[in-house]
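With chain A held as given, fit chain B onto it using these hints.
Now for the letters of each chain:
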Amino acid sequence: AQSVTQLDSQVPVFEEAPVELRCNYSSSVSVYLFWYVQYPNQGLQLLLKYLSGSTLVKGINGFEAEFNKSQTSFHLRKPSVHISDTAEYFCAVSYGGATNKLIFGTGTLLAVQP
Amino acid sequence: AAGVIQSPRHLIKEKRETATLKCYPIPRHDTVYWYQQGPGQDPQFLISFYEKMQSDKGSIPDRFSAQQFSDYHSELNMSSLELGDSALYFCASSLRTGQETQYFGPGTRLLVL
Numbered sequence: 001a002q003s004v005t006q007l008d009s010q011v012p013v014f015e016e017a018p019v020e021l022r023c024n025y026s027s028s029v030s031v032y033l034f035w036y037v038q039y040p041n042q043g044l045q046l047l048l049k050y051l052s053g054s055t056l057v058k059g060i061n062g063f064e065a066e067f068n069k070s071q072t073s074f075h076l077r078k079p080s081v082h083i084s085d086t087a088e089y090f091c092a093v094s095y096g097g098a099t100n101k102l103i104f105g106t107g108t109l110l111a112v113q114p
Numbered sequence: 001a002a003g004v005i006q007s008p009r010h011l012i013k014e015k016r017e018t019a020t021l022k023c024y025p026i027p028r029h030d031t032v033y034w035y036q037q038g039p040g041q042d043p044q045f046l047i048s049f050y051e052k053m054q055s056d057k058g059s060i061p062d063r064f065s066a067q068q069f070s071d072y073h074s075e076l077n078m079s080s081l082e083l084g085d086s087a088l089y090f091c092a093s094s095l096r097t098g099q100e101t102q103y104f105g106p107g108t109r110l111l112v113l
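Residue numbers (my numbering), protein chains in the order written: chain A, 1 to 114; chain B, 1 to 113.
So that you can see chain A by itself, here it is in the shape it has in the complex (with noise of 0.2 Å):
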C-alpha cells in the first residue's frame, strides 16, 4: 500500500539551531511530494513541493527539502529555526494518475526552544 513515513513524532530543538525532518514515501514510478506546515488551530499552509526537475526544492519561509529517488526520501531542512517554526510538519506524497488524492505522513511537532 502507498505509504508515508515520518520517524519522528516530535523534534525539540534550541532557536537558531538547524533542524532535519525526515520523510519516506513507498516507492513508485512517479511521485509527487509535499510538505505542509499546520500552526495550532489552523488549516494546512504549503512549505514546498516537488513535481519534477531539481531535486532540491527552496521553501517558503526559509525551508528546503530534497528528493532522493534512491532512498526513497524528501527530507525537510532550515539552517536556523527561530520560535515562530513551532508547528505540526506534515510530509504528503500523491502519486497521479486519475486521482490526485495526497496521503500523509503521521506528523512531526517541531518544538523550538529558546
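Treat the hints with caution; some may be incorrect.
Each pair of labels, with its calculated beta carbon distance range [to be verified]: (1) Asp62/B to Ser9/A: 27 to 35 Å; (2) Pro40/A to Ile5/B: 20 to 28 Å; (3) Ser3/A to Met53/B: 21 to 29 Å; (4) Asn77/B to Gly62/A: 38 to 46 Å; (5) Gln113/A to Thr18/B: 31 to 39 Å.
Pulled from the structure, derived: some chain B residues nowhere near chain A, Cβ distances all over 12 Å [to be verified]: (6) Glu17; (7) Ala19; (8) Tyr24; (9) Pro27; (10) Gln37; (11) Leu46; (12) Lys52; (13) Asp56; (14) Arg63; (15) His73; (16) Asn77; (17) Ser79; (18) Glu100.
Just so you know, these hints were derived from the structure itself, not from any lab.
Each residue gets a CB set at the ideal place from its N, CA and C atoms; glycine is no exception.
Relative to the frame of chain A, chain B by itself:
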C-alpha cells in the same frame, strides 16, 4: 489572493443529528478534495470531485455523502453523527491540469456531543 473558503468554521452537533459542511474553492479551480483530521492524527482523504463528478473515494463512511455543484462549490453531508466523527474537516482545491498543488481551506471543526 483568494483562498479556499469553508463554512461554518465551527459546528456542534448531537449524536444522530446531521451536518452539512460547505467548501468554496479558489476561483477557476475545478477540483475539490475533502479530508478528515481526527484529534492528534494526520489528515485522511475522504472524497474528491472534478467537474462535478466524483473522481476518487477514500475512507468515507456510508453515512457521509458529498457533491460538487455547477459553481464548483462542494458540500459534505454527514448523517447519523457519531462521537467519532468529531474532527477537523478540510477542503482543498486545485486545477486538474497535471499535478497541481492542493490548497487547503482553514477547516471546519465539528464536535459531536
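Practice prompt. Confirm or reject the claim that serine 3/A and methionine 53/B have a C-beta distance inside 21 to 29 Å.
Written response: holds, 28 Å
Fill in: Minimum Cβ distance from histidine 73/B to chain A greater than 12 Å, as the annotation requires
Non-interface label on histidine 73/B holds, nearest chain A Cβ at 17 Å vs cutoff 12 Å.
Worksheet entry | Minimum Cβ-Cβ distance from asparagine 77/B to chain A exceeds 12 Å | holds, 20 Å
Worksheet item: Does the claim that glutamine 37/B lies off the interface hold, with its Cβ farther than 12 Å from every Cβ of chain A?
Response: violated, 9 Å
Worksheet item: Hey, does proline 27/B actually stay past 12 Å from chain A on C-beta?
Response: holds, 18 Å
Worksheet item: Non-interface claim for alanine 19/B: all C-beta distances to chain A beyond 12 Å?
Response: Alanine 19/B clear of chain A: closest Cβ-Cβ about 19 Å, beyond 12 Å.
Discussion item. Holds or violated: the 20 to 28 Å window for the beta-carbon distance between proline 40/A and isoleucine 5/B?
Written reply: holds, 21 Å
Worksheet entry | Verdict on glutamate 17/B as a residue remote from chain A, using beta-carbon distances over 12 Å | Correct as stated: the minimum Cβ-Cβ distance to chain A is 24 Å, above 12 Å.
Worksheet item: Since serine 79/B was said not to touch the interface, does its Cβ keep a gap of more than 12 Å from each Cβ of chain A?
Response: holds, 23 Å
Practice prompt. Mind verifying the non-interface call on leucine 46/B? Its CB should be farther than 12 Å from each CB in chain A.
Written response: Not fine: 9 Å to the nearest Cβ puts leucine 46/B too close to chain A.
Item to complete: Classify the label on tyrosine 24/B as holds or violated, using whether its beta-carbon is more than 12 Å from each beta-carbon of chain A.
Response: Holds, because the least Cβ-Cβ distance between tyrosine 24/B and chain A comes to about 14 Å, which exceeds 12 Å.
Practice prompt. Given the hint of 38 to 46 Å, check if asparagine 77/B and glycine 62/A actually sit that far apart at their C-beta atoms.
Written response: The hint (38 to 46 Å, Cβ to Cβ) holds, given that asparagine 77/B and glycine 62/A are roughly 42 Å apart.
Against the hints set out earlier in the document, violations occur for numbers 5, 10, 11, 13 and 18.
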